[in-house]
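*Asks:* Here is what each chain is made of, one letter per residue.
Protein chains: 2
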Amino acid sequence: MPADDVLLKKMAQKLRRHCLESTAEAASGHPTTCMSCAELVSVLFFDEMHFDPADPSGTDADVFVLSKGHAAPILWAALKEAGAIREDLLSLRRFDSPLEGHPTFRSPWVRVATGSLGQGLSSSAGMALGRRLNGSQGRIYTLLGDGEMAEGSVWEAAAFASFHALDNLCAIVDVNRLGQSGPTMYQHDTGVYEARLKAFGWDVAVVDGHDVAAVRAAFGRARGARGRPFALVARTLKGKGVSFLEDKDGWHGKPVKKGEELAKAVAELGDTGVSIRVEARRYSPSPARAASRLTLTPGYDLGQEVATREAYGTALAKLARTSPEVIAVDGDTKNSTFSERIKEVGPERHVEAYIAEQTLAGVALGLATEGKIPFASTFACFLSRAYDFVRMAGYSNPPHLVFCGSHSGVSIGEDGPSQMGLEDLAMFRAVTAATVLYPSDGVSGERLVEAAAQTEGIVYIRTSRPKTPVLYSNEEYFPIGQSKTLRAGAKDAVTVVAAGVTLHEALKAHDVLAKEGIAIRVIDLYSVKPLDVETLRKAAAETRAIVSVEDHSVCGGIGEAVAAAVAGRTRVEILGVRELPRSGKPAELMKAYGIDATAIVEAVRRLL
Amino acid sequence: MPADDVLLKKMAQKLRRHCLESTAEAASGHPTTCMSCAELVSVLFFDEMHFDPADPSGTDADVFVLSKGHAAPILWAALKEAGAIREDLLSLRRFDSPLEGHPTFRSPWVRVATGSLGQGLSSSAGMALGRRLNGSQGRIYTLLGDGEMAEGSVWEAAAFASFHALDNLCAIVDVNRLGQSGPTMYQHDTGVYEARLKAFGWDVAVVDGHDVAAVRAAFGRARGARGRPFALVARTLKGKGVSFLEDKDGWHGKPVKKGEELAKAVAELGDTGVSIRVEARRYSPSPARAASRLTLTPGYDLGQEVATREAYGTALAKLARTSPEVIAVDGDTKNSTFSERIKEVGPERHVEAYIAEQTLAGVALGLATEGKIPFASTFACFLSRAYDFVRMAGYSNPPHLVFCGSHSGVSIGEDGPSQMGLEDLAMFRAVTAATVLYPSDGVSGERLVEAAAQTEGIVYIRTSRPKTPVLYSNEEYFPIGQSKTLRAGAKDAVTVVAAGVTLHEALKAHDVLAKEGIAIRVIDLYSVKPLDVETLRKAAAETRAIVSVEDHSVCGGIGEAVAAAVAGRTRVEILGVRELPRSGKPAELMKAYGIDATAIVEAVRRLL
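Keeping their order, the protein sequence lines are chains A and B.
The working numbering applies: residue 273 is where the first sequence begins, and numbers increase by one.
The working numbering applies: residue 273 is where the second sequence begins, and numbers increase by one.
Just so you know, these hints were derived from the structure itself, not from any lab.
Do not rely on the hints blindly, as some may be mistaken.
In this list, chains with the same sequence are indistinguishable; a pair is considered to hold if it fits within one copy or across any two.
[Said to hold, decoys possible] Below 25 Å or equal to it, Euclidean Cα-Cα: the simulated PhoX-like pairs (lysine-lysine) are:
#	residue 1	residue 2
1	Lys529	Lys857
2	Lys530	Lys763
3	Lys526	Lys352
4	Lys615	Lys739
5	Lys857	Lys526
Work out the full structure: start from the sequences and follow the hints.
*Replies:* Dropping the structure here:
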């Protein structure tokens, strides 16, 4: 064996040792899934990848994505051996350590959190695409497990990567045969993965994943790939290197015991005294980026009829003109979400993810890690398809990542319930890291797109299908965490809290009640999260009760948020969708499910 | 052309006419996507499928699943022409009609709601598997669009179907080239679909989807398939049959206008005066099923330490012994969710969906339509992967469908945030049709599995990783919509509402406070939805304030449900997870995120 290969093989054994020791110390974790990929990781970090151990940003360097996130211990071990991190590997999984059980943003070397399987490839594809768009060099290496190849999201991403000819993307499939609770579907039949990846447009090399020379050669082939992504399908053994773990069922997510068992395992690994110095290797610098300005000015007349989804598209195009980072991703709904407007600025500013919402979300996250400000849009209901990706994006802590769900609620009308987003507010509110915005007219629509672009982390914008009249002047701002009180007076009997289409119903209800001499306060809760608790509590103190009204399920949306904010201070009646809706005209449906002006008037009367 | 083929071709034209007319009348809908599949639907309903137009149950007959749900008008048209429904086709999309914009349970001929693309194949695979398990004949025919082939869920389902050798399943891919907002990824390149389906283990025929004879021949081949599922990849033209619609972009989801435009389109279809009588054709009757008893008795000692996830598995096995309908589906987590316990009753009682949660949910829904009582389990967090499937299952109104999410909350410990279900209560509560249950000990764990099996529609059971002491006697029942008041007295100062792991913290807090002379009421909110509003309001009236505490995001969970229920009646302080959690020991994490006994004690003191 050439000297380099011997060293890399020894490093693999050393990485195995680290994983055995750190998981034994933690008394939990997944050593055996680390051991199957030890040669793959050794070759990647100590031979193949160009990177600077002093710079976790990955700029002008290769990037590693551990899609099989439960192998976190070997990532930490490789980073430590490469001189990239200083933490004690034995702090694995401790409350005070960034070396978490699965990779999260708490390590600067983790671009995208993993541990929910099947997510790494789509974000990697987003990174690869982002690099091409930015004119940046550096390849993306993504390590997947064979178990996660059952996730449809992997195949969505595979199709996306070949469709976009991402030859700067290399996937490595660690086919170690054993899942959590038994053998995988195809065990060691690497031919299945090879045939499928080829059918999905990839170049493929099948290798013995423990043969350092073969792995190095395959990476050489991958580096030469042109016009399509490359996959190494590596046959490996789970627990490789230790006789009582190797290829044995029953050892998933199970560390060896400290003491005798650990000593026995480590002894089998032989000489692990090697160390390999990783020199900083970088590609030529990326082109400088143009200056960016993330502001816009709406241009509407008061009373003008415009759908907030259309305002979204208009605003996106405006921002894109002054900020090269702004990019749209859509799932074949661009003419409904209006994200297609950004194409006016340049066709490359719009990424078509086709009908594959997990890829939509994953690619957007990957783009975000490359400095883009991605706006990922589809119908609100179809974002439920990507909910796990949204959740995990939270643990990735991206600089900027905006989701937009259009066609929210029963107000979409005839298409029927499958197309109505009735759970999206609950979904995004429950994600701890997310900001949730809900415009009601053209001006707030554009201003909230502007605010979203300027907001760190994950932002959700909920837009509506119907046209609604412009309520605000073009100079109005909509700071996140605040609200707008549209109708107020000293004699307000009840406060009505609404957003989006129901705000217009609340204003109608105000006028109806005013004729009867009943004054109500009307609040536009455009910032659903964070909530303007102060204004709501003031209203609770100054009026007799609060009616909230939303085109959404009564669970997890605006009503419950308001009820929690003013609990104990005043009565709250929540109007929202309580049953399975059906097809019909928008007005019919808003009436049937009790969220129109008439329903608000009746609720107010009940509370007087 | 043989006389039969001529008739079927004419019927295709007639179906096209119906779709043009019904969508023109509704002034919305998708005629062109119906027109591409008119020959396919004509051959299926009037030649290939064995069914009884008088019996929508599909028992001992072939079943049709319209995965491309936006083609609903042609389903309604075919059913009408076959004599299966009596509704006026021109009532399409009207509020008073079961002929909704996309198929829902409001038509008895719809087993699974569609309209969110990519879901039909997994539920069809569940039906096909259910038939094999039940010893029932009758094939499943599933019509997909080419656009939806981008959904990963289709490939998950394709892998599942070939892995389980479901040769009673036939997929038809209508490759009409055009998506909503532009051409599909592969346009008319049927070879891509052929290669991928073959790589995924299917037999495939590529046909001209407008050639009745070719389509009939392909269905003949499909009927002869043994050991693997069969797919027809049909090259078609969107808008086929009308010159100004055919293969034209810009006509997705757009009806022609009533009057001149409609007349012109209809005229191009030629003679549509045909009618074909569908005779009832059935297969030999399915074997009789054994009697079923859905009751159990827990067998725990008070104080015994058992995790609710383990009680779930134990209960599942008990129910399976006395009910042949009970079946478990899991996503390679069966040794963690404990669903594997059901295998003690028989290996065929457990379906392994591997790491493919959308398939997990879809297959379970399909099994439900075949009379099974499916329990679909994985980690609570990974059900977020299947959220769109859960949502759509609601619109399918299955007789019984139970989801179980284990490893909920930060109390899982060291694995870290990617494995913590912190959004699942929000997710399931927001689904209008769902019941949400949350046991805290072994007895309630088993009793709630029993209750779930007896409950119609969608039920979610949330289980926990840690062991907790048994609180209830084996004779205790847990009716849905009620709660248990575990500690109560005339002098209760504050009420603490908890469930699952936090209930045990509440009981500890009770004891700590009791020593200080402070009495608190403790309520076990095991039925999160429907909620025991009466008991909560009574507590609100009798105590000074309510503290809710949950191992879940503060948004959309127990706290907000309680706040909404008692709004205006008393103060509510919500304890739950408010920030991105991390790895650590369970007790460390419950303390760090403010949901342990100490946090409850402090909250109570604040409210005194």
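*Asks:* Against which earlier hints does the structure fall short, listed by number upward?
*Replies:* Hint check: 2 fails alone, others pass.
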